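Heads up: the protein sequence lines correspond to chains L and X, in order. In this text, residue positions in the first sequence follow my numbering: the first is 809, and each later residue adds one. In this text, residue positions in the second sequence follow my numbering: the first is 809, and each later residue adds one.
Each hint should be verified, as a subset may be incorrect.
No copy labels: a pair is met if it fits in one copy or bridges any two.
With a straight-line Cα cutoff of 20 Å, these simulated PhoX-like cross-link-like pairs (lysine-lysine) come out [as the list claims (entries may be wrong)]: (1) LYS1016 / LYS864; (2) LYS1015 / LYS864; (3) LYS864 / LYS974; (4) LYS918 / LYS974; (5) LYS1088 / LYS914; (6) LYS1109 / LYS864; (7) LYS1105 / LYS987.
No lab work stands behind these hints: they were computed from the structure. Source: prediction; values computed, not measured.
One letter stands for each residue in the lines below.
There are 2 protein chains.
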Amino acid sequence: MNKQILLDSRPEGLPTSSTWKFQSVEIPEPKDGEVLIRQHYISLDPAMRGWLRDVKSYIEPVAIGSVMRAGTVGEVIKANNHPKYKVGDFLSGWGGVQQYSLTDGKGYFKVDPTTAPLPKYIGVLGMPGMTAYFGILNVGELKSGDIVLVSGAAGAVGSLVGQIAKIKGCRVVGIAGGKDKCDYLVNELGFDAAIDYKTENIYSGLKKHCPEGIDVYFDNVGGEMLDAALAKLRMHGRIVICGAISQYNNTGKVQGPSNYMSLLVNRGTMRGMVVFDYVKQYGEAVADYSKWLQEGKIKTKEDIYEGIENFHETFLRLFSGEKLGKLILKVIE
Amino acid sequence: MNKQILLDSRPEGLPTSSTWKFQSVEIPEPKDGEVLIRQHYISLDPAMRGWLRDVKSYIEPVAIGSVMRAGTVGEVIKANNHPKYKVGDFLSGWGGVQQYSLTDGKGYFKVDPTTAPLPKYIGVLGMPGMTAYFGILNVGELKSGDIVLVSGAAGAVGSLVGQIAKIKGCRVVGIAGGKDKCDYLVNELGFDAAIDYKTENIYSGLKKHCPEGIDVYFDNVGGEMLDAALAKLRMHGRIVICGAISQYNNTGKVQGPSNYMSLLVNRGTMRGMVVFDYVKQYGEAVADYSKWLQEGKIKTKEDIYEGIENFHETFLRLFSGEKLGKLILKVIE
């Protein structure tokens, strides 16, 4: 049987168990030109919260009653005249929160489980990796010597942003929640400093660790962190708007950056990004990451939970912060 | 005697008469290398409100007890071995809110009262003109065919922004307060439409006049207008942060743009500007404006009040909106 998680109702605030519907259906058969993938891992990302909202955005909202959208990696177990993929191929793509997915291959790409463990293909070599790479380098216009601040720094995207900035010769400060995450950033990933927003005031943290200000702020969080970064922006500073996890479960108004006039004072730029715009350049990023991983310059952590039945509880870890690195759900049984 | 307006105390909220001190002092004598200017006109600009704040900004705050900073235009009536300027020259510069100013000439430039009336040198050919020109063309990266929205559209900067955008082949919508101003924008300046924020809801106005959205928003106002523009931003839209007059007299927190995540959805850019960065290019702008004025493609209105004693009441017109075009105080008696 194919276990699936469907969107059952649109949440107000934090998703609850009634947001989802669990069901078990027959494993489908591939039609002509299709393959059937048995999914091993499912990517859990903050962006998924946005896809639950019925508003115009960079992507269609997930429809009520359909399988929850998610990035996946798995193995082709049946193929029906597929022009490109055969049984035994491993594919990454948008399989959704289910154990088996049918596809004509559109939006999928082949991965090699002997080159890197499968979970990395939905982490550093997948959407979070691409987001970090093009976000900091293209949108953030990173230059050697920049002082870089990143929020959500121990997360899948933030941890890569910081490490790329270190590779490029920058001073890097991360904001994360809790001593363990902050220690991880500094001791394992080589960040210059970390601010624990759970115990430290961000403004004092920045005063201490970025006394000269910030050239690039990579924002995954929004809210107070965005305001604090604006307050410390240097001349011609850049702010990359990648996410706003602090605001995703707001039932009220989104907290806009009260300090945005710092953009005027400092001739700053705030720019939003969506990773899908860079699909044609993913190859460059994968090549760089592969090299950096091999050289030990990039480290990644995948935080893997098991069981599709645990999707809801695992998903909530994105917002409670109870995870380290890339959050992944293993759905193969 | 030289009548002067000094900053007497830093206002909370809207400046009051006790913000200023009026005094009458001896007309000073130019020292070696200086000239004495008899000022004709003083420029009143929203930016002056910012200069009253004791915070780090793009320019030093005006010190308590010193003559209020202001752009001026006047005539040299005494010169003491000045290498460049002589009696009878007309100079524009930072003379401050006073009738006579001494200067070594730094920051001043010569103007020709036979080419354009003196008030234009502190309007279209002065700071507001330069702000509009470099703001919309350089910071806003204006392209022919863009849909342009400008707030404070009947003001010194906004009215020029809109007219430049029309010259460059754009559709232009202005936001202004009151029917007279809106009529002026459409009937005299050639804007495609105007939204009267005093009687119309901005969101419905934008729905009506910018159904396809906005490519460039030139923001002089902030607050609700910035949020409405963000809500209608098109893909790769640009927002020029030039001012935030709705927030300048706030005693509470500045209202940050709650819709800023539209920058992500639409891959938008929000960028701040300060006109002083373009000093070296002012010549280009003056050349273009002179041509456009001659061809009748740019029209300007100077709203001139008289008497340095009326500085405070006149200055408040910037915030009440009771003026049309460039606000100027005539101080010559």
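Okay, the hints, checked on the actual structure:
Taking the closest pair of Cα atoms, LYS1016 and LYS864 come within 20 Å of each other only across two copies (19 Å); inside a single copy the shortest separation is 40 Å, beyond that limit. Only between protomers do LYS1015 and LYS864 lie at most 20 Å apart by alpha-carbon distance; the minimum there is 15 Å, versus 38 Å within a single protomer. Taking CA atoms no more than 20 Å apart as the test, LYS864 paired with LYS974 passes in neither setting, with 36 Å inside one copy and 30 Å between copies. Taking the closest pair of Cα atoms, LYS918 and LYS974 never come within 20 Å of each other, the shortest separation being 30 Å inside a single copy and 51 Å across copies.
For a Cα distance limit of 20 Å, the shortest separation of LYS1088 from LYS914 inside one copy, 14 Å, qualifies, whereas the shortest one across copies, 53 Å, does not. For the identical chains of this complex, LYS1109 and LYS864 are neighbours neither inside a copy (33 Å) nor across copies (41 Å), given an alpha-carbon limit of 20 Å. Proximity of LYS1105 to LYS987 under the C-alpha cut-off of 20 Å is found in neither arrangement, the shortest distances being 23 Å within a copy and 63 Å between copies.
Of the numbered hints stated above, those contradicted by the structure are hints 3, 4, 6 and 7, listed in ascending order.
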